[in-house]
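**Q** What follows is each chain in one-letter form.
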Amino acid sequence: MTTSLIIPPALILICAGLTLPLIALVRLRWLALLASPLAALWIVLTLPDGIHLNGSFLGQTLVFLKIDALSRVFASVFAIMAFAGGLFALNQKSTLELSAAFVYAGSAIGVAMAGDLITMFIYWEVMAIGSTLVILSSGRRGQGAGLRYAAIHMLGGVLLMAGVAGEIAATGSVAFTAMDLSTIPRMLIFAGFLVNVGAPPLSAWLADAYPEASWSGMVFLSAFTTKTAVYVLMRGFPGTEILIPIGLFMVFYGIIFAILENDMRRILAYSIVNQVGFMVTGIGIGTEMALNGAAAHAFTHIIYKALLLMSAGSVLYMTGKRKCTDLGGLFRTMPLTCAFGIVGALAISSFPATSGFISKSMISDAAGAEHLAFVWFALAAASAGVFLHAGIKFPWFVFFQKDSGLRPPEPPWNMLASMALMAFFCIGLGLYPKPLYDMLPYPVDYVPYTGAHVVYQLQLLLFSGLAFFLMLGLLKRTMTITLDVDWLWRRPGHALASFLDRFGVYTWEWLADTVVKGATGVRNALYQHHGPEGLFGRTWPTGTMAFWTTVTLGAVVILSYL
Amino acid sequence: MTDQGTSGAQPKQSKPAAETASDHWLVRPETIRRLWIVFIAILAATVLGDFFVEHHPHFGVDGTFGFGAWYGFASCVVLVLGAKALGLLLKRPDTYYDN
Numbered sequence: 121m122t123t124s125l126i127i128p129p130a131l132i133l134i135c136a137g138l139t140l141p142l143i144a145l146v147r148l149r150w151l152a153l154l155a156s157p158l159a160a161l162w163i164v165l166t167l168p169d170g171i172h173l174n175g176s177f178l179g180q181t182l183v184f185l186k187i188d189a190l191s192r193v194f195a196s197v198f199a200i201m202a203f204a205g206g207l208f209a210l211n212q213k214s215t216l217e218l219s220a221a222f223v224y225a226g227s228a229i230g231v232a233m234a235g236d237l238i239t240m241f242i243y244w245e246v247m248a249i250g251s252t253l254v255i256l257s258s259g260r261r262g263q264g265a266g267l268r269y270a271a272i273h274m275l276g277g278v279l280l281m282a283g284v285a286g287e288i289a290a291t292g293s294v295a296f297t298a299m300d301l302s303t304i305p306r307m308l309i310f311a312g313f314l315v316n317v318g319a320p321p322l323s324a325w326l327a328d329a330y331p332e333a334s335w336s337g338m339v340f341l342s343a344f345t346t347k348t349a350v351y352v353l354m355r356g357f358p359g360t361e362i363l364i365p366i367g368l369f370m371v372f373y374g375i376i377f378a379i380l381e382n383d384m385r386r387i388l389a390y391s392i393v394n395q396v397g398f399m400v401t402g403i404g405i406g407t408e409m410a411l412n413g414a415a416a417h418a419f420t421h422i423i424y425k426a427l428l429l430m431s432a433g434s435v436l437y438m439t440g441k442r443k444c445t446d447l448g449g450l451f452r453t454m455p456l457t458c459a460f461g462i463v464g465a466l467a468i469s470s471f472p473a474t475s476g477f478i479s480k481s482m483i484s485d486a487a488g489a490e491h492l493a494f495v496w497f498a499l500a501a502a503s504a505g506v507f508l509h510a511g512i513k514f515p516w517f518v519f520f521q522k523d524s525g526l527r528p529p530e531p532p533w534n535m536l537a538s539m540a541l542m543a544f545f546c547i548g549l550g551l552y553p554k555p556l557y558d559m560l561p562y563p564v565d566y567v568p569y570t571g572a573h574v575v576y577q578l579q580l581l582l583f584s585g586l587a588f589f590l591m592l593g594l595l596k597r598t599m600t601i602t603l604d605v606d607w608l609w610r611r612p613g614h615a616l617a618s619f620l621d622r623f624g625v626y627t628w629e630w631l632a633d634t635v636v637k638g639a640t641g642v643r644n645a646l647y648q649h650h651g652p653e654g655l656f657g658r659t660w661p662t663g664t665m666a667f668w669t670t671v672t673l674g675a676v677v678i679l680s681y682l
Numbered sequence: 085m086t087d088q089g090t091s092g093a094q095p096k097q098s099k100p101a102a103e104t105a106s107d108h109w110l111v112r113p114e115t116i117r118r119l120w121i122v123f124i125a126i127l128a129a130t131v132l133g134d135f136f137v138e139h140h141p142h143f144g145v146d147g148t149f150g151f152g153a154w155y156g157f158a159s160c161v162v163l164v165l166g167a168k169a170l171g172l173l174l175k176r177p178d179t180y181y182d183n
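Those protein sequence lines, which keep their order, are chains A and B. Counted the way the numbering used here counts, the first sequence spans residues 121 to 682. Counted the way the numbering used here counts, the second sequence spans residues 85 to 183.
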């Protein structure tokens with residue numbers, strides 16, 4: 121049922137990931153890591169809009185490969201990310217991690233180009249497996265976090281599958297189009313999407329699991345799961361108003377937990393939730409400008425967040441340390457890593473001349489245009505908070521702060537090269553946003569660089585910087601973690617599970633014991649009666665039979681005369 | 085941009101900064117003083133910038149003089165204090181989950 125012979129870009133990356141362990145030659149492996157994302161990117165960018173591959177399955181027509189502007193924005197940034205991540209991770213010794221990361225990246229592209237609910241769901245679940253393996257491959261610390269991550273995403277998968285099945289049963293169609301929350305299956309689909317986007321109440325999975333991945337693993341993880349969820353929410357539920365409060369909650373949750381955090385990559389993990397919150401709010405607003413803003417922000421966010429995590433990953437790779445309390449003063453010997461980290465930090469803060477400026481402000485301005493005063497003021501406060509918790513806090517505590525005494529050299533060339541590439545995109549798109557604006561799903565008539573906008577943004581950010589340095593005493597890092605919702609399943613949940621485990625074992629033992637005792641009793645009784653010494657097991661003398669025959673006969677004779 | 089001591093220095097782990105005078109030029113007190121001067125000058129310039137641009141406020145209050153400056157500053161103070169308050173309740177030693 122193939123309509124054309126186009127290779128799905130998703131499969132290119134998945135196949136590259138699966139063959140990676142079979143390639144013994146290091147240079148050939150590098151080629152696979154670098155060439156496959158470029159091939160996928162080329163196909164994504166050159167494929168014209170429309171359906172390119174479909175087939176039937178269980179009486180339904182599945183659309184394996186469909187592309188439009190929205191798909192192209194996400195699929196292309198996923199491919200760019202796979203390339204930059206692959207380049208950054210060339211020194212990663214764990215083949216499992218790289219294989220899993222490429223399967224994960226490929227299936228993310230698969231979700232972005234899936235034309236129906238079933239295809240989307242299949243890629244969605246492959247993503248869950250791939251990302252879990254990326255976390256698990258980091259060693260002992262990743263084991264618990266990986267299993268918790270898998271459990272949450274299986275829950276999300278179950279919700280989504282129930283919803284998809286219900287939707288198909290109710291409508292008879294597998295089409296993945298814009299929906300409302302009018303039926304239970306659609307609510308389940310919505311809930312499944314929200315789990316992956318990092319929405320409350322389960323947002324804690326992200327900051328729990330991602331920072332336990334390796335120095336390169338988290339670079340991959342930061343890009344795909346939450347942003348495919350943003351994509352499916354844009355495709356399936358644009359303008360769903362409940363997304364506005366959900367998004368605003370995520371925005372402030374991310375800032376507040378990041379302010380309290382000591383682990384440099386957990387700060388960045390919380391800031392993923394924060395940034396995705398901006399996108400979710402934009403999807404909730406639902407106007408063309410807001411949706412364009414959410415898509416553009418997803419694109420720029422993937423790039424600057426990867427850059428920040430590459431910078432943090434390089435520090436972790438070179439020093440083995442991850443806590444702000446152990447780090448500081450690294451600008452002396454890692455000036456390039458520091459500079460790239462600062463570019464990422466400026467971009468996430470939406471500084472003029474960086475990519476964040478040309479994307480995030482579209483969402484705020486959409487809120488303003490709709491006269492959503494509360495949303496607009498909340499997003500403005502949050503923009504200030506982003507500079508505080510990620511824009512200054514990350515570079516300050518890692519590269520400046522105090523002299524930790526650490527003097528690590530710069531990371532290997534490939535890690536620097538991937539950071540340079542991402543920094544180029546951050547500044548390039550900031551100065552010349554047209555290529556990105558041209559890709560967006562709706563026509564863009566937005567001018568980010570007006571005098572008023574630049575002055576306002578500089579005031580907002582620089583005075584946040586002033587607040588940061590004046591409150592440094594309050595922001596002093598301590599050797600602490602902050603309890604999050606994951607406490608529920610790591611403490612009471614764990615206690616309940618061990619209780620049920622003990623209770624189950626006890627019940628099972630009691631049951632087994634009773635059965636064994638009962639069976640032994642039956643056996644003993646049988647032995648007693650039918651064994652060699654038992655009543656029914658004995659050989660009886662013929663005289664006994666003759667005696668009983670006589671007794672019976674006598675009884676019959678007596679009875680017949682009565 | 086105060087330096088050593090303001091932000092969680094740990095004497096046990098870090099090799100102490102005995103070399104303050106000979107240390108990197110960027111962390112010398114003189115440089116830091118100059119950076120503060122430059123920073124304050126830039127802050128003033130951004131606020132004065134309001135005289136030269138025409139804002140198009142959506143709601144009114146966002147058109148007040150130096151809105152970005154005072155709103156950004158106040159937001160950060162509120163966020164930090166809010167986070168500190170929440171921290172009192174939710175902070176635990178980072179070995180909390182280790183057993």
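Note that these hints are calculated values from the structure, not bench results. Built from N, CA and C at the ideal position, the CB exists for glycine as well. A few of these clues could be false.
[As the list claims (entries may be wrong)] Using C-beta positions, here's what the derived DEER-type ranges look like:
(1) A:ILE362 x B:LEU172: 30 to 36 Å
(2) B:LEU173 x A:ILE362: 26 to 32 Å
(3) B:THR115 x A:GLU490: 25 to 31 Å
(4) A:ARG611 x B:HIS140: 39 to 45 Å
(5) B:PHE123 x A:PRO555: 30 to 36 Å
(6) B:GLY166 x A:SER293: 55 to 61 Å
(7) A:THR297 x B:VAL145: 50 to 56 Å
(8) B:PHE136 x A:ILE362: 39 to 45 Å
[Stated by the list, open to error] DMTMM-like cross-link-like pairs, simulated, lysine to aspartate or glutamate; straight-line CA separation at most 25 Å:
(9) A:LYS441 x B:ASP107
(10) A:LYS443 x A:GLU490
(11) A:LYS554 x A:ASP188
(12) B:LYS168 x A:ASP604
(13) A:LYS596 x B:ASP182
(14) B:LYS168 x A:ASP446
**Q** Give a verdict on every hint.
**A** Hint-by-hint comparison with the structure:
no. : hint                            : result
1   : A:ILE362 x B:LEU172: 30 to 36 Å : holds, 31 Å
2   : B:LEU173 x A:ILE362: 26 to 32 Å : holds, 28 Å
3   : B:THR115 x A:GLU490: 25 to 31 Å : violated, 47 Å
4   : A:ARG611 x B:HIS140: 39 to 45 Å : violated, 51 Å
5   : B:PHE123 x A:PRO555: 30 to 36 Å : holds, 34 Å
6   : B:GLY166 x A:SER293: 55 to 61 Å : violated, 47 Å
7   : A:THR297 x B:VAL145: 50 to 56 Å : violated, 40 Å
8   : B:PHE136 x A:ILE362: 39 to 45 Å : holds, 42 Å
9   : A:LYS441 x B:ASP107             : holds, 23 Å
10  : A:LYS443 x A:GLU490             : violated, 42 Å
11  : A:LYS554 x A:ASP188             : holds, 18 Å
12  : B:LYS168 x A:ASP604             : holds, 15 Å
13  : A:LYS596 x B:ASP182             : holds, 23 Å
14  : B:LYS168 x A:ASP446             : holds, 21 Å
Violated hints, listed in ascending order, are 3, 4, 6, 7, 10; each of the other numbered hints is respected by the structure.
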